[in-house]
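Asker: One letter stands for each residue in the lines below.
Protein chains: 4
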Amino acid sequence: MDSLRRLEEIFSHFPGIGPRQAKRFVHYIQGKSPTAVKELTDLIQEVKKNTGECNQCHRFFTNGSKTCTICSNPERDQTTLMIVARDSDFETIEKSAVYKGLYFVLGGTVPVLDKEPDKKIRLKSLLERVNKDGESLKEIIISTNTTPDGDHTRDILKDAIKKIALPQTKISVLGRGLSTGAELEYADSETIRNALGNRK
Amino acid sequence: MDSLRRLEEIFSHFPGIGPRQAKRFVHYIQGKSPTAVKELTDLIQEVKKNTGECNQCHRFFTNGSKTCTICSNPERDQTTLMIVARDSDFETIEKSAVYKGLYFVLGGTVPVLDKEPDKKIRLKSLLERVNKDGESLKEIIISTNTTPDGDHTRDILKDAIKKIALPQTKISVLGRGLSTGAELEYADSETIRNALGNRK
Amino acid sequence: MDSLRRLEEIFSHFPGIGPRQAKRFVHYIQGKSPTAVKELTDLIQEVKKNTGECNQCHRFFTNGSKTCTICSNPERDQTTLMIVARDSDFETIEKSAVYKGLYFVLGGTVPVLDKEPDKKIRLKSLLERVNKDGESLKEIIISTNTTPDGDHTRDILKDAIKKIALPQTKISVLGRGLSTGAELEYADSETIRNALGNRK
Amino acid sequence: MDSLRRLEEIFSHFPGIGPRQAKRFVHYIQGKSPTAVKELTDLIQEVKKNTGECNQCHRFFTNGSKTCTICSNPERDQTTLMIVARDSDFETIEKSAVYKGLYFVLGGTVPVLDKEPDKKIRLKSLLERVNKDGESLKEIIISTNTTPDGDHTRDILKDAIKKIALPQTKISVLGRGLSTGAELEYADSETIRNALGNRK
Chain A
20 MDSLRRLEEI FSHFPGIGPR QAKRFVHYIQ GKSPTAVKEL TDLIQEVKKN TGECNQCHRF
80 FTNGSKTCTI CSNPERDQTT LMIVARDSDF ETIEKSAVYK GLYFVLGGTV PVLDKEPDKK
140 IRLKSLLERV NKDGESLKEI IISTNTTPDG DHTRDILKDA IKKIALPQTK ISVLGRGLST
200 GAELEYADSE TIRNALGNRK
Chain B
20 MDSLRRLEEI FSHFPGIGPR QAKRFVHYIQ GKSPTAVKEL TDLIQEVKKN TGECNQCHRF
80 FTNGSKTCTI CSNPERDQTT LMIVARDSDF ETIEKSAVYK GLYFVLGGTV PVLDKEPDKK
140 IRLKSLLERV NKDGESLKEI IISTNTTPDG DHTRDILKDA IKKIALPQTK ISVLGRGLST
200 GAELEYADSE TIRNALGNRK
Chain C
20 MDSLRRLEEI FSHFPGIGPR QAKRFVHYIQ GKSPTAVKEL TDLIQEVKKN TGECNQCHRF
80 FTNGSKTCTI CSNPERDQTT LMIVARDSDF ETIEKSAVYK GLYFVLGGTV PVLDKEPDKK
140 IRLKSLLERV NKDGESLKEI IISTNTTPDG DHTRDILKDA IKKIALPQTK ISVLGRGLST
200 GAELEYADSE TIRNALGNRK
Chain D
20 MDSLRRLEEI FSHFPGIGPR QAKRFVHYIQ GKSPTAVKEL TDLIQEVKKN TGECNQCHRF
80 FTNGSKTCTI CSNPERDQTT LMIVARDSDF ETIEKSAVYK GLYFVLGGTV PVLDKEPDKK
140 IRLKSLLERV NKDGESLKEI IISTNTTPDG DHTRDILKDA IKKIALPQTK ISVLGRGLST
200 GAELEYADSE TIRNALGNRK
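Chains as they are written, first to last, in our numbering: chain A, 20 to 219; chain B, 20 to 219; chain C, 20 to 219; chain D, 20 to 219.
Hints may contain errors.
Claimed, not checked - Where chain A lies over chain B, by a calculated footprint (3+ residues, C-beta under 8 Å):
1) 44 to 53
2) 116 to 130
3) 188 to 195
Claimed, not checked - Below, simulated DSS-like cross-link-like pairs (lysine-lysine); rule was C-alpha separation at most 25 Å, straight line:
4) C/42 - C/85
5) D/189 - A/51
6) C/157 - B/42
7) B/85 - C/138
8) A/51 - A/85
9) D/151 - D/114
10) B/57 - C/177
11) C/177 - C/139
Said to hold, decoys possible - Pairwise CB distance ranges (calculated):
12) B/144 - C/54: 18 to 28 Å
13) C/50 - A/146: 19 to 29 Å
14) D/38 - C/207: 30 to 40 Å
15) B/147 - A/154: 50 to 60 Å
16) C/200 - D/134: 16 to 26 Å
17) B/147 - A/146: 15 to 25 Å
18) D/177 - A/68: 17 to 27 Å
19) D/116 - C/127: 34 to 44 Å
20) D/134 - A/32: 37 to 47 Å
21) A/32 - C/207: 20 to 30 Å
22) D/53 - A/144: 49 to 59 Å
23) C/205 - D/177: 35 to 45 Å
24) A/85 - C/200: 50 to 60 Å
25) A/32 - C/137: 49 to 59 Å
It is worth saying that the hints were derived from the structure and are not from the lab. Ideal placement from N, C-alpha and C gives every residue a C-beta, glycine not left out.
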């Protein structure tokens with residue numbers, strides 16, 4: 020394969036990008052000045068080089084130390100650990116500014132029929148963390164998507180954590196019900212059941 | 020206006036129908052056999068004639084008595100009353116088969132800036148019902164959309180009911196949080212806050 | 020089936036309407052005043068009663084005579100006949116105000132695999148018309164959708180008309196190419212071929 | 020701005036990419052192996068280095084010579100020149116395999132209110148080409164989008180070319196009418212007019 024086709028192929032694996040848009044990306048780059056193209060490749064290299072995985076929560080960050088700014092912030096609530104699947108989930112939660120505890124990024128989810136969860140998510144590393152934190156951990160919040168894969172991952176996590184967490188550590192999941200802006204008429208039966216069960 | 024234009028106009032007020040589709044409805048009827056058109060108008064008249072408003076919950080029903088099949092069913096939980104805005108909300112809840120109590124249909128919602136709630140919803144009738152049921156009423160569940168109008172209506176109902184309900188009657192609203200199939204990454208901050216606040 | 024379900028079913032056959040919206044139509048009618056419902060059924064009956072099929076072009080019209088206002092208008096170009104599939108196509112053409120001749124409404128199209136075209140469209144009646152008009156007919160314009168069914172119908176019409184039309188009668192089809200607002204990059208190959216072949 | 024934000028910003032200028040997806044691109048790159056990231060930046064640099072602008076048609080190509088494979092192909096019809104706005108238009112036309120002549124890529128279009136067309140498109144270079152080709156040029160096909168900007172660009176090109184082309188050189192534009200798959204009922208009046216005017 021020549022370099023043009025190979026670059027198209029790589030772009031077509033970018034999140035949300037198909038073959039046609041990948042081709043447009045290549046044209047876009049071909050039409051840019053050499054200076055602009057050099058800035059792009061330099062930045063990609065620089066960002067990648069500066070990107071570290073936090074040795075506590077495993078999210079990507081770029082401040083050059085081993086532990087990210089949240090994990091090393093003493094003002095965060097050290098007794099609560101939220102488990103999320105991906106960096107993008109972490110960012111959405113953090114942007115909402117309602118959670119003050121620590122995080123653990125799984126690095127993915129376990130598909131419903133998958134037999135080897137440990138290859139898809141950082142399960143071993145998570146359990147070591149829970150074990151090490153011991154009695155200082157008052158609550159573990161499992162924050163997965165409410166999709167089949169997310170629910171499956173939640174169940175795997177719950178089972179695995181229950182076996183090793185101390186009895187006083189609460190294991191919770193995000194509340195389910197009507198999302199903001201929902202119209203009752205179009206809600207599915209499971210959401211109705213959750214909204215009714217979680218009424219208050 | 021001739022009858023053709025007037026019929027188009029009436030169809031254009033049907034829920035979800037615009038002028039173009041209203042025109043297609045008229046063509047569709049013009050192309051039907053006289054027998055089929057007669058069946059349609061007979062059915063519309065018959066359904067309208069047989070439609071009563073239940074004297075308890077105010078929903079439309081067609082069994083010919085004054086009280087609907089749910090309100091007159093002794094097996095329904097007589098101690099719980101769910102308030103919904105419209106018949107279509109009632110149907111979605113009933114289809115989910117998770118609620119076993121009684122209903123009250125408001126007949127609408129109160130827009131955010133509306134000053135006269137009593138003209139948009141059956142508030143007076145609702146309060147009479149709550150008053151009459153008295154201590155037999157253990158819980159009132161307000162089930163409105165989580166839209167601005169729905170939230171506004173919920174607040175109006177809560178205030179009005181609190182003033183007249185007995186202290187032992189619980190007033191609740193549907194739980195909020197992640198709906199089924201939600202992806203955390205795309206959740207709005209208010210939904211995150213609700214999902215976190217309602218974790219369990 | 021009770022009248023409520025039957026009315027829902029009839030509405031669900033209206034153009035573009037599914038079961039859920041059909042149900043909302045029924046609710047909408049149930050919630051209307053008896054006067055409004057009577058106006059609706061009276062108008063439907065009236066429109067149907069007044070609707071005639073023009074004995075020349077076969078479109079629906081409501082002026083009470085046997086021939087529609089266009090077919091009986093001496094100012095229309097009597098030498099040109101446009102064949103369209105449906106009344107709605109006729110209306111779109113007429114609204115564009117660029118065509119000054121007469122029409123013939125087929126009443127449908129012939130699906131690609133259909134073996135009996137005469138049951139789907141007014142082919143016999145069309146051929147009688149072409150035959151009767153004879154040498155006064157200078158051009159027949161076949162205006163079908165450019166979909167597979169439309170193209171199939173066009174081919175059937177072309178073959179049938181050629182056999183009986185006088186040699187001096189031109190048989191034409193609508194021009195193909197780029198529609199207004201089209202972006203070349205997203206055009207399909209057949210449209211490109213037509214646009215190139217019809218360049219001018 | 021740190022390198023992370025700057026890279027996000029650059030990605031957000033890629034065609035069809037907004038801020039949110041740009042952020043996901045950065046995450047995607049952060050999660051890739053160093054080898055994969057190096058392959059990406061190497062390919063971008065290589066493609067850019069190998070990309071030349073053809074000295075005849077001005078499209079991007081990568082075969083290392085000064086003239087592209089189409090312009091230097093003696094089997095292409097040397098008497099016909101098609102003018103397109105962008106490389107992506109060239110690719111769509113070429114993929115349809117119906118055009119056998121040569122191309123000229125304008126490099127853009129002239130927005131409707133723009134006063135300086137020469138800054139947006141390679142007008143001067145185009146006119147030199149037309150001038151140089153002289154009587155060997157039998158036809159110039161202007162293939163612009165049928166959008167307001169495309170039509171405006173077409174008018175500018177027509178005027179400018181007419182002034183300098185030889186009288187025997189035909190100047191044509193792509194045919195307009197119904198595109199493949201079009202439904203007559205939903206066609207706009209201008210498309211109807213074109214389809215009728217270009218009937219055959």
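Asker: Taking the hints in turn, state whether each one holds.
Answerer: Okay, the hints, checked on the actual structure:
no. : hint                      : result
1   : 44 to 53                  : violated (count 0)
2   : 116 to 130                : holds (count 3)
3   : 188 to 195                : holds (count 5)
4   : C/42 - C/85               : violated, 38 Å
5   : D/189 - A/51              : violated, 35 Å
6   : C/157 - B/42              : violated, 33 Å
7   : B/85 - C/138              : violated, 51 Å
8   : A/51 - A/85               : violated, 36 Å
9   : D/151 - D/114             : violated, 28 Å
10  : B/57 - C/177              : violated, 39 Å
11  : C/177 - C/139             : holds, 16 Å
12  : B/144 - C/54: 18 to 28 Å  : holds, 23 Å
13  : C/50 - A/146: 19 to 29 Å  : violated, 58 Å
14  : D/38 - C/207: 30 to 40 Å  : holds, 32 Å
15  : B/147 - A/154: 50 to 60 Å : holds, 56 Å
16  : C/200 - D/134: 16 to 26 Å : holds, 24 Å
17  : B/147 - A/146: 15 to 25 Å : violated, 59 Å
18  : D/177 - A/68: 17 to 27 Å  : violated, 53 Å
19  : D/116 - C/127: 34 to 44 Å : holds, 35 Å
20  : D/134 - A/32: 37 to 47 Å  : holds, 43 Å
21  : A/32 - C/207: 20 to 30 Å  : holds, 27 Å
22  : D/53 - A/144: 49 to 59 Å  : violated, 21 Å
23  : C/205 - D/177: 35 to 45 Å : violated, 24 Å
24  : A/85 - C/200: 50 to 60 Å  : holds, 56 Å
25  : A/32 - C/137: 49 to 59 Å  : holds, 54 Å
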